[in-house]
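Residue numbers for the sequence shown follow UniProt numbering, beginning at 1 and rising by one.
Be aware that one or more of the hints could be misleading.
No farther apart than 25 Å at their CA atoms in a straight line, the calculated lysine to any residue pairs in the SDA-like style are these [stated by the list, open to error]:
1) Lys162 - Glu107
2) Lys182 - Pro169
3) Lys184 - His78
Using C-beta positions, here's what the derived DEER-type ranges look like [claimed, not checked]:
4) Lys194 - Thr108: 31 to 37 Å
5) Pro192 - Asp66: 22 to 28 Å
6) Gly112 - Ser187: 22 to 28 Å
7) Ser99 - Asn268: 21 to 27 Å
If you're looking for bench data, these hints aren't it; they were derived computationally from the structure.
Idealized CB from N, CA, C, for every residue including glycine.
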Amino acid sequence: MGIEAGGLVEQGGDRHHNKVNVVGHHHVGYMKNKVMRKRKYCSKNRKVKHSSSDSALQRLFVSCRDVFKGLGTLPSPHRVQELCNVLDKFRPEDVGLSSDLQFFKPETEVKGTPRVTYTTIYKCNNFSLCCFFIPATGVIPLHNHPGMTVFSKLLLGKMHIKSYDLVDPIKNSDASQVRLAKLKADSVFTAPCKTSVLYPTTGGNIHAFTAITPCAVLDVIGPPYSKEDGRDCSYYKDHPYASYSAAKVTEEEGDNYGWLEEIEMPDNSEMDGIEYGGPQIIDTI
């Protein structure tokens, strides 16, 4: 997924934060009654203690430390597979979640487009671990991941994912022009499922999510968004291939290509940040 502090989240600011720890009117809690509390996002790295050195989350942290070596480096195929193997075995309980939590069993429908909530589990200069809670019908709109490799693991729920790669990834100075993109995914995914990986220019770097049921998604992002380092988040609206093609469009072209228009940050891109309250990481970096 790849939208976390410095991307969609931070740009939304705190002005829309509610005063109660809810997601679309439904509490997001942790097992053993450990409830996540809403907080303002803090970009400072945190050292967190009291964790088992052999926990699944700790193993994920160690793998991320080995995979992400800093700016300008792309993880090797071997390292990518190594991290996928760790994430493929990852369970909701490994970050303190359960399908029995109220958020995943809503009793009432939320009118309109419900807001997405996120929590940052860990963040350093090389990578970040974030979890997103998307209520049913909630949307994370089309956005990109400049210079990033992102591993996404759907922990709970069912969602539709649509993703593109730009045919020419070199950014044009005129942001108002539409850009040709190849459709990489347009499918429904149900947890548990395999980890998905996107790269700086391939793998569906520009993607959107629509929750069919309440969802929890774990994202591993390397390196994290950083406006100062040129990794700001851009947003897009997609158009059918035939909309901007003067020539006759073949069925293959119509099904596999589209045009992306860069737009301002959509209203439904802003998220609520809450404090992480699940199993902790022993920071050894």
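We went through each hint and held it up to the structure:
About 28 Å separates the Cα atoms of Lys162 and Glu107, which puts this hinted pair outside 25 Å; it is violated. Restraint check for Lys182 and Pro169: the C-alpha separation of about 11 Å stays at or below 25 Å, so the hint holds. Straight-line distance between C-alpha atoms of Lys184 and His78 comes to about 23 Å, which keeps the hinted pair within the 25 Å bound. Here the CB-CB span from Lys194 to Thr108 is close to 33 Å, well matched to the stated 31 to 37 Å.
A hinted range of 22 to 28 Å for the beta carbons of Pro192 and Asp66 is consistent with their spacing of about 24 Å. Our hint of 22 to 28 Å for Gly112 and Ser187 holds, since their Cβ atoms are close to 26 Å apart. Separation of Ser99 from Asn268 is about 26 Å and conforms to the stated range, judged on CB atoms against 21 to 27 Å.
In the structure shown, a violation is registered for the earlier hint numbered 1 alone.
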